[in-house]
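**Student:** Same order as they appear, the protein sequences are chains E and R.
With the first letter of the first sequence counted as 1, position 127 gets the number 127 in the numbering used here; the numbers rise by one all the way through.
With the first letter of the second sequence counted as 1, position 69 gets the number 1069 in the numbering used here; the numbers rise by one all the way through.
It should be emphasised that the hints constitute simulated quantities derived from the structure, not laboratory data.
In this text the structure is predicted, and so the values were computed from the model without any measurement.
A virtual CB, placed ideally from N, CA and C, is assigned to each residue, including glycine.
Hints may be right or wrong, so weigh each one.
[As the list claims (entries may be wrong)] The following label-pair restraints were derived from C-beta to C-beta distances:
| no. | chain 1 | residue 1 | chain 2 | residue 2 | range |
| --- | --- | --- | --- | --- | --- |
| 1 | R | Gly1086 | E | Val170 | 53 to 61 Å |
| 2 | E | Leu58 | R | Gln1007 | 14 to 22 Å |
| 3 | R | Ser1035 | E | Leu47 | 19 to 27 Å |
| 4 | E | Arg24 | R | Gln1007 | 23 to 31 Å |
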Amino acid sequence: MTDQEQLEQRYRRLLKWYPAAYRRENDEELTAVLMACARAGQRRPGLVASADLIKSGLWMRFHPRVPRASSTVRRAVLLMYAGAIFTAVSLIVAVSSLNVFADTEGLRLLGHNQPLPISITVGVVVGLALITLWLWLARAVSQGRRGARVLCTVLVAPATLHLFGLKGMVSLVFAIGTWLIGLAAVWLLWRPDSRAFFHREDVALALRPTASQHQTP
Amino acid sequence: MTNRAMQEATFMILTALANGSQHGYGIIADVQEISRGRILLRAGTLYTALDRLRDNELIEVDREEIVEGRLRRYYRLTPAGSERLGVEAARLESHARVALTRLKLAGGMAS
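The shape of chain R in the complex, shown without the other chains (with noise of 0.2 Å):
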């Protein structure tokens, strides 16, 4: 997972959980905002993507919590998650600086 391309969706999870732990239903609603509603996570999708990204130690639980009669699992970067997710930041906004001079050069942009 480390020399490959991020998956925008987990992409996405991680950012969500920069700012500090998380429950399930939390992420999917931060991922909503964060996309200004473009990406609207599923449950089923994003519990495989956390169990990928806990399996991989990018995240972990930071603590379970039972609100109303229900679980709320909280969870956290780790200090991998963390590099990780500046890493792909980094080569995103490398891309997209690349991409914008370009279109500049090319006069293909709006102003």
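Just chain E, with the same shape it has in the complex (with noise of 0.2 Å):
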């Protein structure tokens, strides 16, 4: 093992001072700076600097803020809980008004054609549908699966082409809101400080050196 290897052994043991959220997703990181920092030839971490680990870790674990997804990815998620606000709002309103209004006029304006019972059991089973999906991506994001980030930009399109095919303008309203929710969402979880979120275990494990790698004389 070279005098860098068991150098950066050495950090990586100290860096067990942080929390383990912390560490996934810093620890590549830190490991760069401290390494950088280090003196040509030097094996072992100096007094200071090993303090100053421990007291930061001890620090980050005392102070759990972490995990935390950057504040774009946070805001996303706040936006999609709106979002399924929104919609149980939504579905609420075109409910009752179908009680209410259990005419012509007020169907009109609700977009619906179909004979009531029908539109009432498709509109209630959409509804909850999307409410449950709001809810598993916020989740799913807040966990930092990327699949649910692809998966809220693919479904920007049909909820695009849903807006011109409504016709009531209640539906519209809300269609156009739910639509500008999600739009923000997805802008957020594009944004570089989302991705860096969305991509810390990847770089965590390219980066990470093999137990072989430390292990060699």
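Assembly of the complex is requested from the two constituent chains, each provided in isolation within its own frame, with the hints serving as guidance.
**Tutor:** The structure is reproduced here in structure tokens:
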């Protein structure tokens, strides 16, 4: 094992003072900086640097702000919860409006031309499915699942097409509101800060030295 | 954080990012240069500060690069970070001006 490898291994041991969630996001970056700061031929972390890492690691453990997504991801997740609430409200409004204004004009405003029971059933099922989708996507995105981010982006297309098929004024207002919330969430999910959050596991896996590298004499 | 005086290390980190995005080691080197060697940021201290600054949305990740097999994450000031740094710099300048004026009046400053 070279001097550099020994030093890196010792720094990685010191980084275990940090919470696991923080290490997953920052381990490789922090190790890179520690190694860049090292003197030529250095094999052990200095006393002051070790104390600094232990102190910072303990501070992180007692101030558990991690795991934390970037602010852009947090805002996107909040928007998705808002989308679920907005969809729920639009569903309640639609159903209650159908009950209250069960006449031709009321149905026309809501964009329903089909017989009443079918409209209600389809509307409620689709509405509940959309609420479930919003909540599932919010949870998956907050866990850093990249597939969920891609799915959010793909869903913008049918949501956009859906706008052109609407007839009733009330339905159109709610659909545009939901569409805007979704669009804003997708925009936030592709900001550079979000990218770092979604790719942190990949970077950690790609850069982490294998066990055999450490065990080489 | 808005109304409280900023810690010197935090001020220096934001100053290092005022010229454009920098990675962790770049910030350490720049802070050392700006402070003429007086402030040597340790990696642990730097990343604790960066974590807090990201939470307060004063900085954000600009991009990531892999150089010689090592991850480099570049940070940049957010508009809120630029504003906060400007306010803090003006506050320090104002205090320094008052201190220098009073020293001159008292004749206590060597010319």
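**Student:** Hints first: check each against the structure and report whether it holds.
**Tutor:** Hint check:
no.	hint	in the structure
1	R:Gly1086 / E:Val170: 53 to 61 Å	violated (47 Å)
2	E:Leu58 / R:Gln1007: 14 to 22 Å	holds (19 Å)
3	R:Ser1035 / E:Leu47: 19 to 27 Å	holds (23 Å)
4	E:Arg24 / R:Gln1007: 23 to 31 Å	holds (27 Å)
Violated hint: 1 only; the structure is consistent with all others.
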